[in-house]
Amino acid sequence: MQSSGALRPIVIPGEAVGGPGLKPGPGTYSEGGRVFAAQLGIRDEHEGLVSVIPLNGRYIPQRGDAVIGEVVDQGPSHWLVDIHSPYPAPLHATESPWRVEFGDTARYLKVGDVIMCHVLSVDEIKRVQLTMQEREARRLNGGMVIEISPTKVPRVIGKQGSMVSLIMDLTGCRIYVGQNGRIWLDGDDRSAAVAALAIRLIEERAQAVGLTEAVRELIAREQPRGRGPRPS
Amino acid sequence: MEDIEHIEKEMKLIGADGRRLDGRRFDELRPIRIEAGVLRRADGSAYIEWGGNKVLAAVYGPREAHPRHLQDPARALVQCRYNMAPFSVSDRKRPGPDRRSVEISKVISEAFASVVFVEQFPRTSVDIFIEVLQADAGTRCAGLTAASVALADAGVPMRDLVTSCASGKIDGVVCLDLNKDEDNFGDADCPMAIVPRTGDVVLLQMDGHLTYDEFQKAMGLSIDATKRIYEQQRDALRRRYSVTLEDILKESPPAAAPVEPDEPSSPPEEDFGPEGI
Amino acid sequence: MSEEVVSELMRAHVYRLASTGQRVDGRGLDQPRPVTVNRAFVKTAEGSARVKLGNTDVLVGIKMSVGEPYPDTPNTGVLSTSVELIPMASPTFEAGPPRPDAIELARVVDRGVRESKMVNMERLCITPKEKVWILFIDIHVLDYDGNLFDACSYGAVAALSSTIAPAKAQGLGDDFPLPVEHWPVSVTTAKIKDLLLVDPSLDEERMADARLTVTTDENGDIRAMQKGLSGSFTYEEVKRIIETAQRVGRDIRPLLQSS
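Chains as they are written, first to last, in our numbering: chain S, 1 to 232; chain E, 233 to 509; chain P, 510 to 768.
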């Protein structure tokens, strides 16, 4: 497939990515007036700031991130949520959309439930609090969840959400992308499977040029014949 | 080299032509092949063949450090576990850690702790696992070299890769990268690891007998070799991320749910059975 | 922590697909994942095989030495099987002495090999009551993506069938291939609610209520079984599982036999 095309050059930890005059951005460090890659990734330069967009890595929570979490434990006034990061994240009952009586948390969320929520705060030693008081926050029912490397999330979303909109339009699926690399897909089994395949393609080819076309081609190839995309 | 000439008379490990038993010159490495991203579950992984060594390395993390009381509120722990498979050596090794593997695990952990940006991930651990599947001397160097690729593959922020190599002395001659026989019957072995960009030495061990002069020769050979190995590590990482779209389509399972046929369906094929060989 | 729990949402998804005969990875319910066998992977072992079952990856090495027979079997060689669930293979595996999981796994693989009389152990007797060959099957799990029972068993069978006894080094005549006489194949089925799925993937295995491993030989006869987990099977289900194991076993056996 031509459209999957050229790969952007990959930089490797320790590789020089900028000389004097450039400021070290994310994924880099400076030493002796020069900037070096700290992570395996793609070099990016913007207004004197050089950074490396990583190709892999764990999700490190940041305030305001929309994430998809799974309830793994509960206490009388909180739930413990796995957000696919090194740090467990509590969701306090007061940050839920419900009026939860003390000791009554299980009525609203149970262990094994999947939720769309946001990172409320992260302190200096990476203690995380979640909230479900943002607009899209809710318990997710139906559909399926796939996990990708969190570093590929920006590519799956695309500029102003263009990539995820394209996949939703072409497959007719509803999709939520968590910053933590968890993606919720809901549609008929076939469409959800095609959407999942398209997302896997983006994950593997995040550094490729012409990704949008590749995604179009993939979906066209995998879509059931004689059935167009559903209006969304 | 003059060393070779003056020792040629009484040697067993080095032939009259100055070549070692496996045909190498004193400054030659055994063949090395590195592949990145070879395991599914691990966050990062690498496989290395180095002469007769076959070693896998995997990285998990940064992840929540267990047990809790080990957590450091200021930085990530870098923990390595070096292990030899029971069948990796000629006399079966009993499963589980022995004193040797505990020591090697410790010095490798310490070597990596200096290059990983540990302060970015308080309270976590970065776990490195090295499994020796087939051993032929120099397993710690091979393991460390592979683990470094696995760390980068996992996306762990680090100052540089770490590259490792050993030199030693056989029949009185300082030689690069001893194989098993040379290690068993030689006079000294000196494994080291460096951060190639800065030249910082992060692992250094020695056993046997070297003059100060010989030590410097050995380090010279090793440092020179790590430059070549470093390029192979980098190459493995670049190759890892240049899979083609066709590869992905081949590897991905077909989407679940049957396609609704718009023409009479063909006769059903055998509906189960292994698909590959 | 999330490793152990499969979300309610994914449980529902897997079950919904399975109830229409489909699986997340595109397989049919009684279809195993692709099996690949790479023999003689390790030169330091007398026999070895790296086997992949889907993304589950195991390496099995066979070592042989000479030792004393057990007093109750003075005329037969000794077989010893161990499994290491090394922490490389899964975020849930921990270093340390083998846990019950690993011991059960080793014993089930061992039973399949032993009870099928795959290797004629009597021919591994050197001097009755005094000297016999000891056969170590060491199973190293490298990547755990579900169904270790079958992956480990395939690895053991393939490794044994490629093993050359190092007789010369022991001063016992010429090296010889192990006397392999039968071909046990293990097939594991997981039960999720009322549905039976062959060769469960990791998620399927984690949400399974019950599990049954059936090892059959080249005649379709049963040589070992192991039921696991807290759920139960109806007798009808057990029979269906055995029939599937015979059928799937027939397809997989040639992959383990070919050299």
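Among the hints, a few may not be true.
Said to hold, decoys possible - Reference excerpt, derived from the structure (chain E facing chain P, CB under 7 angstroms, subset only): (1) Phe-258; (2) Ile-264; (3) Ala-290; (4) Val-321; (5) Ser-322; (6) Phe-361; (7) Glu-363; (8) Arg-460.
Derived by calculation from the structure, the hints in this document are not laboratory data.
Note that the coordinates shown come from a computational prediction; the quantities given were computed from them, not determined experimentally.
We put the CB at the ideal spot given by N, CA and C, even for glycine.
Hints and how they fare:
Checking Phe-258 of chain E against chain P by beta carbon gives a least distance of about 25 angstroms; that is not within 7 angstroms, so the hint is violated. About 17 angstroms separates the beta-carbon of Ile-264 of chain E from the nearest beta-carbon of chain P, more than 7 angstroms, and the hint is not met. Because the beta carbon of Ala-290 of chain E sits about 4 angstroms from the nearest beta carbon in chain P, less than 7 angstroms, this interface hint is met. Of the supplied interface hints, the one on Val-321 of chain E holds, with its beta-carbon coming within about 6 angstroms of a beta-carbon of chain P, less than 7 angstroms.
Annotation: Ser-322 of chain E was flagged as interfacial toward chain P, and the flag holds, the nearest CB pair being 6 angstroms apart, inside 7 angstroms. A cut of 7 angstroms between beta carbons decides the hint on Phe-361 of chain E: the least distance to chain P is about 4 angstroms, and the hint holds. For Glu-363 of chain E, the shortest C-beta to C-beta distance to chain P is roughly 6 angstroms, which falls under 7 angstroms, so the interface hint holds. The beta carbon of Arg-460 of chain E is not positioned within 7 angstroms of any beta carbon in chain P (closest approach about 25 angstroms), and the interface hint is therefore violated.
In this structure, the earlier hints numbered 1, 2, 8 are contradicted, and the remaining ones agree with it.
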